[in-house]
Amino acid sequence: MDPGELTTFLLAFAVALLGAKLFGELAERIGQPAVLGELAVGVLLGPSLLGLVPLTAGILLVAEIGVLLLLFEVGLETDLEELLRVGAPALVVAVVGMVLPFAGGYLATRAAAFPALTAVFVGAALTATSIGITSRVLSEIGMLDTREGRIILGAAVADDILGLVVLAVVSQLVATGSVGVGTALRAAGLSFLFLLGALVIGLPLGRLLVRFVRGARVRGVLAAVAVAFALLAALGAQEAGSAAIVGAFAAGLVLARTDRRHDLQNALGPTVDVFAPIFFVSIGAQLDVRYLNPFDAANRPALLLALALVATGVLGKFAAGFSAWGKVRRSFIGAGMVPRGEVGLIFAQIGRQNGALPEPAFIAVVLAVFATTFVTPPLLKALKPAAS
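Residue numbers (my numbering): 6 to 393.
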């Protein structure tokens, strides 16, 4: 990297990080997730407006590391016991909440005259629910430890696991250039085997690593070992033919089952807080605001697709809530499944990188993610059971 490139990178990194934190804080103050502020500042600072954050190789590399660390943190915060406690209702809600949005997204994209592979990726981007956003709102309104809250979080955990498998499948379909049942089944089987193998083989290794650093005197050694473990797991997943983020997520699942889980979360937090926002800023920076002008006839297909995806994304997840049973408020469960947040954006970015999502489809997915994330907090507050 020559001095000029280094100057550009350092300036862009500093501006993106400061902007992300400022706009994230503003979003939080108006009752919205910080990720929406980070997306918005990316649009503002990106090449199509102010041009202060050019999408250089350095910025994109930082964003890639941010994604891996973010999924590692999600895995670290995933409570598999929570899924087992709520059991069948959560699993049914998760499956229905994946099938309906996927089918709706696929059909809407095909109706907009996009090819089948693009439609598959768009449908996949609508499948996963954001654990972080939902759990934050549930905690704020005192619903985290209710039966409804536990079903929502259990279903969101299942959604994340199944969603990453779906991502690996559609990525493999794009790599082969065709939508084939055999290819899909092989990719799904490989991802499930990798996750299972990571838990079986990785758990004793993770415990060994944690024990190894227990008495370390060097500052930051726990975070360094955890990050290295996540990156190597991501590399292993990619080399095995799955997605790198599946490996990072699996590494988090493994270390979450050690006795240093909370120490790891605290140690990793500051690192994720620096790298992950750059990913969301980079997504916003990739949005060309010219495509958002509804008065330009060329933009209308993308905007209409975005509206269709928002409707599909909200209604599909909302309907999934009604597949739960027992004495619960089903509409509240459905609302809790709505936000896509960081997971949907990761899908969109990977689809763009591998050529599955052309610009109009990419913009439609990002707008749909933004909208579903935006409506969730007020929706949950409005539908909160009166007795809670």
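Calculated from the structure, these hints are not laboratory results. Be aware that one or more of the hints could be misleading.
What the hints assert, rightly or not - Once the Cα atoms are required to be at most 30 Å apart in a straight line, the calculated BS3-like pairs of lysine-lysine come out as:
id, residue 1, residue 2
1, LYS386, LYS26
2, LYS332, LYS389
3, LYS332, LYS386
Just so we're clear, the structure is a prediction, and the values are computed from it rather than from any experiment.
Hint by hint, here is what the structure shows:
no.	hint	result
1	LYS386 - LYS26	26 Å, holds
2	LYS332 - LYS389	14 Å, holds
3	LYS332 - LYS386	19 Å, holds
Hint violations for this structure: none, all hints satisfied.
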